[in-house]
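Trainee: Chain by chain, the residues run as shown.
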Amino acid sequence: MAETHKIAEKSTTRRFLLLGLMVLVVLILSLFVGRYPEPYWMPPSYLWRDELAQRLVLYLRLPRILTAFIMGMSLGAAGAVFQMIFRNPLVSPGFLGVSQGAAFGAAVSIIYLGRSPLIIEASATLFAFSGLIISYLLARNIRYGKWVLRLILAGIATSALFSAGVGVLKYLADPLSELPDIVFWLLGGLWAVTWRDLLYILPVVLIALGVLFLMRWRINLLALRDETAFSLGVAPSRERVLVLVAAVAATAVVVAVAGVVGWVGLIVPHIARMVVGPDTRRALPAAMLIGGIFTLLCDNLARTLLAGEIPLGILTSLAGALIFAWVFLSGHRWVRR
Amino acid sequence: MNHPEIISLAGLRFSYTTSGPPVLKDLSLEFPAGAVTAILGPNGSGKTTLLFILLGILSPQMGEVIIDGKDQKGLPRSMLSRLMGLVPEEEHIPFDFSILEYVLLGRAPHLGLLEQPKEMDYQVALEALDRSGLSALADRPIPSLSGGERQLAKVARALAQRPRVLLFDEPTAHLDLNNKGRVLDMIRSMADDGVAVVMTTHDPNAAVVVADHVVLLRAGQTVATGPVEVVLTSENLSQTYGLPVEVTSVHGRPVVLPW
Numbered sequence: 001m002a003e004t005h006k007i008a009e010k011s012t013t014r015r016f017l018l019l020g021l022m023v024l025v026v027l028i029l030s031l032f033v034g035r036y037p038e039p040y041w042m043p044p045s046y047l048w049r050d051e052l053a054q055r056l057v058l059y060l061r062l063p064r065i066l067t068a069f070i071m072g073m074s075l076g077a078a079g080a081v082f083q084m085i086f087r088n089p090l091v092s093p094g095f096l097g098v099s100q101g102a103a104f105g106a107a108v109s110i111i112y113l114g115r116s117p118l119i120i121e122a123s124a125t126l127f128a129f130s131g132l133i134i135s136y137l138l139a140r141n142i143r144y145g146k147w148v149l150r151l152i153l154a155g156i157a158t159s160a161l162f163s164a165g166v167g168v169l170k171y172l173a174d175p176l177s178e179l180p181d182i183v184f185w186l187l188g189g190l191w192a193v194t195w196r197d198l199l200y201i202l203p204v205v206l207i208a209l210g211v212l213f214l215m216r217w218r219i220n221l222l223a224l225r226d227e228t229a230f231s232l233g234v235a236p237s238r239e240r241v242l243v244l245v246a247a248v249a250a251t252a253v254v255v256a257v258a259g260v261v262g263w264v265g266l267i268v269p270h271i272a273r274m275v276v277g278p279d280t281r282r283a284l285p286a287a288m289l290i291g292g293i294f295t296l297l298c299d300n301l302a303r304t305l306l307a308g309e310i311p312l313g314i315l316t317s318l319a320g321a322l323i324f325a326w327v328f329l330s331g332h333r334w335v336r337r
Numbered sequence: 338m339n340h341p342e343i344i345s346l347a348g349l350r351f352s353y354t355t356s357g358p359p360v361l362k363d364l365s366l367e368f369p370a371g372a373v374t375a376i377l378g379p380n381g382s383g384k385t386t387l388l389f390i391l392l393g394i395l396s397p398q399m400g401e402v403i404i405d406g407k408d409q410k411g412l413p414r415s416m417l418s419r420l421m422g423l424v425p426e427e428e429h430i431p432f433d434f435s436i437l438e439y440v441l442l443g444r445a446p447h448l449g450l451l452e453q454p455k456e457m458d459y460q461v462a463l464e465a466l467d468r469s470g471l472s473a474l475a476d477r478p479i480p481s482l483s484g485g486e487r488q489l490a491k492v493a494r495a496l497a498q499r500p501r502v503l504l505f506d507e508p509t510a511h512l513d514l515n516n517k518g519r520v521l522d523m524i525r526s527m528a529d530d531g532v533a534v535v536m537t538t539h540d541p542n543a544a545v546v547v548a549d550h551v552v553l554l555r556a557g558q559t560v561a562t563g564p565v566e567v568v569l570t571s572e573n574l575s576q577t578y579g580l581p582v583e584v585t586s587v588h589g590r591p592v593v594l595p596w
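Heads up: the sequence lines are chains W and U, in that order.
Using the numbering used here, you'd call the opening residue of the first sequence number 1 and step up by one each time.
Using the numbering used here, you'd call the opening residue of the second sequence number 338 and step up by one each time.
Worth double-checking, as some hints may not be accurate.
[Unchecked claim] Below, simulated DSS-like cross-link-like pairs (lysine-lysine); rule was C-alpha separation at most 25 Å, straight line:
{"id": "1", "chain 1": "U", "residue 1": "Lys407", "chain 2": "U", "residue 2": "Lys362"}
{"id": "2", "chain 1": "W", "residue 1": "Lys10", "chain 2": "U", "residue 2": "Lys455"}
{"id": "3", "chain 1": "U", "residue 1": "Lys410", "chain 2": "U", "residue 2": "Lys362"}
{"id": "4", "chain 1": "U", "residue 1": "Lys455", "chain 2": "W", "residue 2": "Lys6"}
[What the hints assert, rightly or not] FRET-style restraints, in silico, Cβ to Cβ:
{"id": "5", "chain 1": "W", "residue 1": "Ala321", "chain 2": "U", "residue 2": "Ile403", "range": "55 to 61 Å"}
{"id": "6", "chain 1": "U", "residue 1": "Gly357", "chain 2": "W", "residue 2": "Ala235", "range": "24 to 30 Å"}
{"id": "7", "chain 1": "W", "residue 1": "Leu318", "chain 2": "U", "residue 2": "Gly411", "range": "57 to 63 Å"}
{"id": "8", "chain 1": "U", "residue 1": "Asn542", "chain 2": "W", "residue 2": "Phe16", "range": "50 to 56 Å"}
{"id": "9", "chain 1": "W", "residue 1": "Trp326", "chain 2": "U", "residue 2": "Gln453", "range": "29 to 35 Å"}
{"id": "10", "chain 1": "W", "residue 1": "Leu149", "chain 2": "U", "residue 2": "Thr570", "range": "43 to 49 Å"}
{"id": "11", "chain 1": "U", "residue 1": "His539", "chain 2": "W", "residue 2": "Ser237", "range": "28 to 34 Å"}
[To be verified] If you want a taste of the chain W side facing chain U, the calculated C-beta under 10 Å gives, among others:
{"id": "12", "residue": "Ala8"}
{"id": "13", "residue": "Lys10"}
{"id": "14", "residue": "Gln83"}
{"id": "15", "residue": "Phe86"}
{"id": "16", "residue": "Asn88"}
{"id": "17", "residue": "Arg225"}
{"id": "18", "residue": "Ala229"}
{"id": "19", "residue": "Ala283"}
Please keep in mind that the hints were generated in silico from the structure rather than gathered at the bench.
It should be emphasised that the depicted structure is a prediction, and the values quoted were computed from it without experimental measurement.
Virtual Cβ for every residue (Gly too), placed ideally from N, Cα, C.
So here's chain U without its partners, still in its complex pose (with noise of 0.2 Å):
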């Protein structure tokens, strides 16, 4: 299957005062369409400043970001947002709305600004639920919620978004094997429907089991970028990590060691 890139950036360049260092530079990547794009590298090397600016909650002060042939620039706020969901690392939800009230706020995007959820946007928060496996505990409050099943219910409210480009801030921070398990099922369940994920890890590992491609950040710079069994090589994280990495095989699969 032919996927075209539905978001790219060229030229990129980015910092958040003007006379500091630059953040991000000259960044030049593509992110297609039905594949899961993995960014590895170091705290502080960019990883979730390139996701925001993804997002378009921050703009580069050089290069272009082109999301569905378009400059990002020039979409209207309710447009980005139903092309493109986020499922940010941390989120504080105060007082105990239940599961799928929250999930429902994934519908805004479709609504007006006056306009309440309809009998349809139930349905859709509904069937996002049943896809992430918490169709039982939709009644139960977020606060109750076990950290993986948090994790969960931030999946399925930006799956009730229905957006074309899912991006992913440490998706796999701080789960358990069973739910980290999980939820790399569900970002590779929807890269086969076509959806363009892009997700950040600090987890090689990871990236081996869900990712397709990956891209190596260093201090704001692309050390490497390609097809994972192509990338992961010991001598590229070494370089990225500044320490010495192995990937060696274990049943046919690479697995990342730190020395």
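Chain W on its own, in the form it takes in the complex (with noise of 0.2 Å):
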């Protein structure tokens, strides 16, 4: 008996190298789908002997590809950590204010701050904050139920709060140039991503996601209740704080480079937790792999399936709902609480 988590290890490691191999051909084979030379697939000696493809490939499929992979890795972890320390799976990272304040940073710099790429997303970041910021405030001072109940509650007003923004915004918006840029943002893409783009989120997410892989172990602690993680030596309150605004902030760069992508961050820990566990441990490093290559899988329809662009927003949405829809309905055991 003393050999059994021994032998579990080696089937995790055997399903993370199974992983591992599916990002790297994932990732490959991504450079080669799209609409040029003809759609759906460019045959890989192209590279080498057409010019125009060593560029398509170099400027604008590697720098879309890696950003549709990290922030699926980014949506992906923070939805394991926001599950775990909620203790509710139905939790995902945008709900503390974070997607809603992103679009209506976005909204508010579309029309008053200008339509560049970089003043939008540093509004969108900026706003994605404040909504994490305002519903900590309003949680601390609801007086009623304790930490997660008001957290949640808090969450859910920011975001109305902020989506009711968006439809004032949405409202003044000129609906001929203004309007379309907005609801095309709303439903989210990586049509516009660039390098400049991934410098971008890089720096953030690398910080925020290595200090949630340093405390992978410790985060499984802090969905035990507070007095029990306190006997164990743990902060409660402020360790979580801690791992929410690493989260949080993964969260709020990607939200502001690609508009809101629903569901991956509810979806994905649940694949996570099927596949190695739920001990954080291994699930954090499973969801962002799997959360990468499904995001990756999404734009890569979004982008080649038809002539003009889907947005990305819409096919994570229905995957995501669909997969969701199919992991409850056949009633595995990993839902029952």
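Both chains are given apart, each in its own frame, so use the hints to dock them into the complex.
Mentor: Set out below in structure tokens:
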């Protein structure tokens, strides 16, 4: 019996090797998927005989592929952490006012500050963080319920506030020029991504995911009730806030670049726990890899399927909702609480 | 054997709100190592509050808690968690953690902020499972356990912590006779190993079986404290619960009967 955990570790290692292999294959194949020279597939030989193909891959497809993957990693990881510390498999990283805050920031920028990508991203990031801060301050001052309930209530209220704000801005926007920009941003997408965007999100994402990855075993303890966590030497509120800020930071910058891309942060952690179990030591890295693969596959479809771009948020929602329904309808064990 | 008090409190006063009435007043108690101290009292008498003050998660307005000769306030949390464990009454564990993964969480006080459990920690966790009689279930998910097995898993998690003081909140609540016996046996064997065990309970007969000392609590004050056979009398219990209680003897063992 004493050896069972080693056997379990071996099978987990195999699963991670398999995931890693899938990541490599999907990343490489994605380079050749697209609508040049003809829809769906570019023969690899173009890479060394067609100059346009080289530039296309280097300046358009590669940064977009990497951004999609990093975005999926961030949303998957943030979702896994959120669900763990809120002890709730139904929360997702945007719910603390972060997604709606970013949307509001982008809309404000499109109407009042200018439509350059840098300004939109900065404004969206700023408002994403203010969403978190407002939720947090609200939760601290609500005199009702426990910590988890208070934060969830505060997050719902803050999200509603910002989405009302977005509604007002849509109403005020010029219906011919500004409104389509806002709507397209709200649907989410990576069509405009360049190396500059990647460099914008990379430092924040690296630090945030690095912190979460290093703390991955300890995050398990944050799911225990406060008294038990305290008895195990944890400072429950302080450590939860640290982990939340890291998860939200990663979410905020990717949402600022890509718009509101729903469902990745909700569904990916479920798949990760199904594959490697609920222990965050394994579920967190698995959620990163699976989130990356899922988002990249959706984005490949978004840019390839039709002659025009399909908003990424529509595809992740569609695929996410279908998987979600399948997971919950098929009555798997991991859904039980 | 001479057991010094590893944990004691003096002149304790506590209330949850600044204006409200105190939940605990003028409490001075000692909890010796190698013995089980049972805290008995009606609902709302302050049993769990007292336990959380011993744990250090609640701070008293007056008085002090002394652990191992030192003021609890001056001890860093990491040190405190290596000295003292808690088995709460209920523990909601979301997601399908295996029992082994759950018990492993008890190693946290011995690991740094960024450390992962090592082979040694697995060994300690497996020993704790063995002692709780759960070895055969090590890979089972926690939600699939029965109430009794769940309680034993909590005890194993606290055991893996290797504490010198162990606090139990209602350890036998909602358990059948057999599981009650298993949990009380574990509590006894930990005390025999030198751990200072403090448990709250609603069940005077559980205290009779396992405890060395009893604290009778009513409205935040002690009615009586001392060895089980001295304290558990009809008069003391009647006064504690505010209704007639009779202590009789069956096969030489005291049995508590409410009227």
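Trainee: Indicate, hint by hint, whether the structure satisfies it.
Mentor: Hints and how they fare:
Between lysine 407 (chain U) and lysine 362 (chain U), the direct Cα distance comes to roughly 22 Å. Compliance with the 25 Å bound is thereby established for this hinted pair. The straight-line distance between the Cα atoms of lysine 10 (chain W) and lysine 455 (chain U) is roughly 15 Å, inside the 25 Å bound, and the hint therefore holds. At most 25 Å may separate the alpha-carbon atoms for a hinted pair to count; lysine 410 (chain U) and lysine 362 (chain U) meet this at roughly 19 Å. Between lysine 455 (chain U) and lysine 6 (chain W) the alpha-carbon distance is near 12 Å, which keeps this suggested pair within the 25 Å criterion.
A hinted range of 55 to 61 Å holds for the C-beta pair alanine 321 (chain W) and isoleucine 403 (chain U), which are about 58 Å apart. In this structure, glycine 357 (chain U) and alanine 235 (chain W) meet the distance hint of 24 to 30 Å, their C-beta atoms being roughly 27 Å apart. Checked against the given bound of 57 to 63 Å, the beta carbons of leucine 318 (chain W) and glycine 411 (chain U), roughly 58 Å apart, stay inside it. Look at asparagine 542 (chain U) against phenylalanine 16 (chain W): about 52 Å separates their beta carbons, and that is inside 50 to 56 Å.
For tryptophan 326 (chain W) and glutamine 453 (chain U), the hinted distance range of 29 to 35 Å is satisfied, since their beta carbons lie about 33 Å from each other. The beta-carbon spacing between leucine 149 (chain W) and threonine 570 (chain U), approximately 45 Å, falls within the hinted interval of 43 to 49 Å. For histidine 539 (chain U) and serine 237 (chain W), the Cβ-Cβ distance of about 31 Å falls inside the hinted range of 28 to 34 Å, so the restraint holds. Hint status for alanine 8 (chain W): holds, given a least beta-carbon distance of 7 Å to chain U, under 10 Å.
Taking 10 Å as the C-beta contact cut-off toward chain U, the hint placing lysine 10 (chain W) at the interface is violated, the least distance being around 14 Å. This hint holds: glutamine 83 (chain W) has a C-beta 8 Å from the nearest C-beta of chain U, less than the 10 Å allowed. Given the 10 Å rule on beta carbons, the hint for phenylalanine 86 (chain W) holds: about 9 Å separates it from the nearest Cβ of chain U. Because the smallest distance between the Cβ of asparagine 88 (chain W) and any Cβ of chain U comes to about 7 Å, under 10 Å, the interface hint for this residue holds.
Annotation: arginine 225 (chain W) was flagged as interfacial toward chain U, and the flag holds, the nearest CB pair being 6 Å apart, inside 10 Å. With a least beta-carbon distance of about 9 Å to chain U, the hint placing alanine 229 (chain W) at the interface is held under the 10 Å criterion. A hinted interface residue such as alanine 283 (chain W) counts as satisfied when its beta carbon comes closer than 10 Å to some beta carbon of chain U; here the least separation is about 9 Å, so the hint holds.
When the structure is compared with the earlier hints, a violation turns up for hint 13 alone.
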